[in-house]
Amino acid sequence: MYSQGLTDAKGQAEPEELMAEFQAKIDREEKIEPRDWMPEAYRKTLIRQMSQHAHSEIVGQLPEGNWITRAPTLKRKMILLAKVQDEAGHGLYIYSATETLGVTRDQLTDELLTGKAKYSSIFNYPTPSWADIGAIGWLVDGAAIMNQVPLCRASYGPYARSMIRICKEESFHQRQGYEIMTVLARGSQAQKDMAQRALNRFWWPALMMFGPSDKDSTHSAQSMQWKIKRFTNDDLRQKFIDATVPQAEHLGLTVPDPDLQWNETTGHYDHGEIDWHEFMQVIKGNGPCNKERMQARINAHEAGAWVREAAQVFQQNQAKSNSEAA
Amino acid sequence: MSEMKLYEVFIRAKSGLNHRHVGSLHASDPEMALLNARDVYTRRQEGVSIWVVEAEKITASNPAQEHEWFDPAEDKVYRHPTFYPLDKEVENM
Ligand SMILES: [Fe+2]
Ligand SMILES: [Fe+2]
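Chains A and B, in that order, are what the protein sequence lines are. Note that the numbering used here numbers the first sequence so that position 172 is 172, with each residue one more than the last. Note that the numbering used here numbers the second sequence so that position 86 is 1086, with each residue one more than the last.
The set of hints was computed from the structure by calculation and includes no laboratory data. The beta-carbon is built from N, C-alpha and C at its ideal position, and this holds for glycine as well. Treat the hints with caution; some may be incorrect.
[To be verified] Selected chain B positions facing chain A (Cβ under 7 Å, derived; list incomplete):
(1) 1003
(2) 1023
(3) 1024
(4) 1026
(5) 1028
(6) 1046
(7) 1053
(8) 1063
[As the list claims (entries may be wrong)] Just the calculated beta-carbon pair ranges, DEER-fashion:
(9) 213/A / 1056/B: 18 to 24 Å
(10) 298/A / 1043/B: 25 to 31 Å
(11) 1056/B / 298/A: 50 to 56 Å
One chain only, chain A, in its complex shape (with noise of 0.2 Å):
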């Protein structure tokens, strides 16, 4: 989801015996710990779903971070202001999990800036009202809750635990975000509007941040028998729109799908076709912002280099005094 499903591991030829052994481990539910014999097709499909997972959390500071200046309240600057530092948090748990593997950070810095590596399609829309923070805590960090709780248990145990400690952050995120729009949807008619106008430009781009539906995701199935994917694109998403659509009726919001309906027999709701070509397109970077994120990304770290220098040259200068005094 935060990686979207998008990797693919090519199978490579490794040792059958040690290869039989790994997936018993797995299959006894045991965890790979880094300096575990592991397939090389692993570790890549691990990394890259891993930092495609970081990548997304530090760029998903970025929609959010447009309303810290203009939040509202004082309260509310202070919970956005929480909250997008724990998604700089994340990212740096995902990041030093994914460094167990073999990169190293600046490798995976690197390949974000150099627009090498992806990161969730749903960042790379715009914000452009208050709402939106609100529909993104809501929708977007409901979302990466339903894809995280089942990567709790993946079976790369550096991932696991830091899906664990990320769990445990997200569910004030989706909780202050549903908060906002509770407050809108029982304001005046213009923030109900607002609010309506949230949910209709993020529902069918939180819909897709679960990736591709099951018939066009092919390397699901080698995914699953490792662990380190347990439900499949298309049940996570019926998941999420099944717990989503009563909190809209529950605002008075209504979901911005004609075809959505409760169906008796399966006990889920049917909903309408999503747009694939949409989602392709911003995958591809012709999404509404994908240009300005990058770009942001880009500044703030060209920004900061004079502070990683100063940082390196104190370190020195403290070495050398420490090695004259002694």
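With chain A held as given, fit chain B with the ligands onto it using these hints.
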């Protein structure tokens, strides 16, 4: 620019408990590592004490030799109380 050093972070959740490994981070020096660890890993009062240690200073056993390395303890069942049967009449020892 060369990458900053990797530090492993250990946190004592409250007094009376051991420090426990929680993750890692990059920093240019130990003080910065401590500050970052506080901001990253204890935003919700998860700790009362933090240790940071340069990752490269840790010496670790080799998981590939897991079996040989730990097998001296494997056949010493007599180290466990359950090795010693007790007569029924003697309860709770
Ligand atoms: Fe997050
Ligand atoms: Fe979040």
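Interface hint for residue 1003/B, Cβ within 7 Å of any Cβ on chain A: 5 Å, holds
Go through the hint on residue 1046/B and say holds or violated, using the shortest Cβ distance to chain A against 7 Å. This interface hint is violated because 9 Å lies over the 7 Å limit.
Hint validation: residue 1063/B versus chain A, beta carbon distance must be below 7 Å. Holds or violated? Holds - the Cβ of residue 1063/B comes within 7 Å of chain A, reaching about 5 Å at its closest.
Can you verify the interface hint for residue 1026/B: is its Cβ closer than 7 Å to any Cβ in chain A? 6 Å, holds
Would you check whether residue 1023/B satisfies its interface hint, that is, whether its CB is within less than 7 Å of any CB in chain A? This hint holds: residue 1023/B lies near chain A, its Cβ roughly 5 Å from the closest one there, short of 7 Å.
For the range 25 to 31 Å, tell me whether the beta carbons of residue 298/A and residue 1043/B fit it or not. Holds, since residue 298/A and residue 1043/B (Cβ atoms, about 27 Å apart) stay within the stated range.
Verdict for residue 213/A, residue 1056/B (Cβ pair) under range 18 to 24 Å: 45 Å, violated
With a cut-off of 7 Å, does the beta carbon of residue 1024/B approach a beta carbon of chain A closely enough for the hint to hold? 5 Å, holds
Would you say the C-beta atoms of residue 1056/B and residue 298/A sit inside 50 to 56 Å of each other? Violated: the Cβ-Cβ distance is about 30 Å, outside 50 to 56 Å.
Interface restraint verdict for residue 1028/B against chain A (beta-carbon cut-off 7 Å): 4 Å, holds
With a cut-off of 7 Å on the beta carbons, see whether residue 1053/B makes it to chain A. 14 Å, violated
The structure shown violates the earlier hints numbered 6, 7, 9, 11.
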